[in-house]
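**Q** Each chain, letter by letter, is given below.
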Amino acid sequence: MSGEEGLPVSPPEDASPVPQPQEERREAIALVVAAASWLVPGLGHALLKMWGRAVICFVTVGVLVWVGAGMRGNLFSSRGNDAFDSLGYLADLGTGGFYWVAKSLETNGPDVSRADGDYGTRFLATAGVFNLLAALHAYEVARGRKV
Amino acid sequence: MTRWRLIELLGATIAVKLNHFQALVVFALVISIAFGFLGRRRPKDRVKYILWTLLLFVLIGVGIGWAMYPFSH
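Line by line, the protein sequences give chains X and A. Going by my numbering, the letters in the first sequence line up with residues 1 to 147, in that order. Going by my numbering, the letters in the second sequence line up with residues 1 to 73, in that order.
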């Protein structure tokens, strides 16, 4: 490669950023942290030694699931009838392992004929969405983009 | 009226009965604390953030409730 005056021209340094091995390793660790955070609320932050946030995430998701299931909220399944059911399933699935905890707590099944059941449904969905947010936070911290 | 009808601590069955306002306060409190810890680092900032978020949650929730009141009658 040569320039107009016949001088060799080196390509710009940031033209094609090649991920360094250290960057790739950090990204892999961040993904593991995110997955752990989703599966067990707070585990991602615990792996990053952020103990206070880990406890808060676990307790928050736990309380929301406990109250939501206690109010007999609807825990959506994968066999949804419409888009709202599917979105609800995604939100509930966000609780990770607590999805099955909620299932085991609701021995009498959901009852959304009363306002309590409807509130419970929101509590369960909020638990899932909050856990996804916490997993995203842990992922960003592991990548070094947040503190 | 609050009624914790049945709580089997070691069992699988629980039943929680809260009225509208109690559900709102429980929700606001839990989420405010969680947001405070996730969003702020210094303890003083966290406390300020938690209290401010809790206040807004409750006030806006009650406000929306009052705004919708005429439509329920």
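Simulated from the structure, these hints should not be mistaken for lab results. Among these hints, one or two may not hold up.
Heads up, incomplete: computed chain X residues facing chain A, CB under 10 Å, no partners named [to be verified]:
1) VAL55
2) GLY70
3) MET71
4) ALA83
5) ASN108
6) VAL112
Distance condition first, Cα-Cα at most 25 Å in a straight line; then the derived BS3-like pairs of lysine-lysine [to be verified]:
7) A/LYS44 x X/LYS146
8) A/LYS17 x X/LYS103
9) A/LYS17 x X/LYS146
10) X/LYS49 x X/LYS146
11) X/LYS49 x A/LYS44
Just so you have them, the derived chain A footprint on chain X, three or more residues with Cβ under 8 Å [stated by the list, open to error]:
12) 61–68
13) 133–144
Note that beta-carbon positions come from the ideal geometry of N, C-alpha and C, so glycine has one too.
**Q** So, for every hint listed, does it hold in this structure?
**A** Now for the hints, and whether the structure bears them out:
A hinted interface residue such as X/VAL55 counts as satisfied when its beta carbon comes closer than 10 Å to some beta carbon of chain A; here the least separation is about 9 Å, so the hint holds. A cut of 10 Å between beta carbons decides the hint on X/GLY70: the least distance to chain A is about 3 Å, and the hint holds. Because the smallest distance between the Cβ of X/MET71 and any Cβ of chain A comes to about 5 Å, under 10 Å, the interface hint for this residue holds. At its closest, the beta carbon of X/ALA83 sits 25 Å from a beta carbon of chain A; the interface hint therefore is violated under the 10 Å criterion.
A hinted interface residue such as X/ASN108 counts as satisfied when its beta carbon comes closer than 10 Å to some beta carbon of chain A; here the least separation is about 7 Å, so the hint holds. At its closest, the beta carbon of X/VAL112 sits 14 Å from a beta carbon of chain A; the interface hint therefore is violated under the 10 Å criterion. Proposed proximity of A/LYS44 and X/LYS146 is supported: the alpha carbons are some 19 Å apart, at most 25 Å. Proximity of A/LYS17 to X/LYS103 is assessed by CA-CA distance (about 18 Å); at most 25 Å being required, the pair is judged to hold.
Distance restraint check for A/LYS17 and X/LYS146: the Cα-Cα separation of roughly 39 Å exceeds the 25 Å cut-off, and the hinted pair is therefore not satisfied. Using a Cα cut-off of 25 Å, the hinted pair X/LYS49 and X/LYS146 holds, with the two alpha carbons roughly 14 Å apart. At roughly 21 Å between alpha-carbon atoms, X/LYS49 and A/LYS44 fall within 25 Å of each other, so this suggested pair holds. Counting residues of the region 61–68 of chain X whose CB lies closer than 8 Å to any CB of chain A gives 4, so the stated coverage by that chain holds, three being the minimum.
Counting residues of the region 133–144 of chain X whose CB lies closer than 8 Å to any CB of chain A gives 3, which reaches the minimum of 3, so the coverage claim holds.
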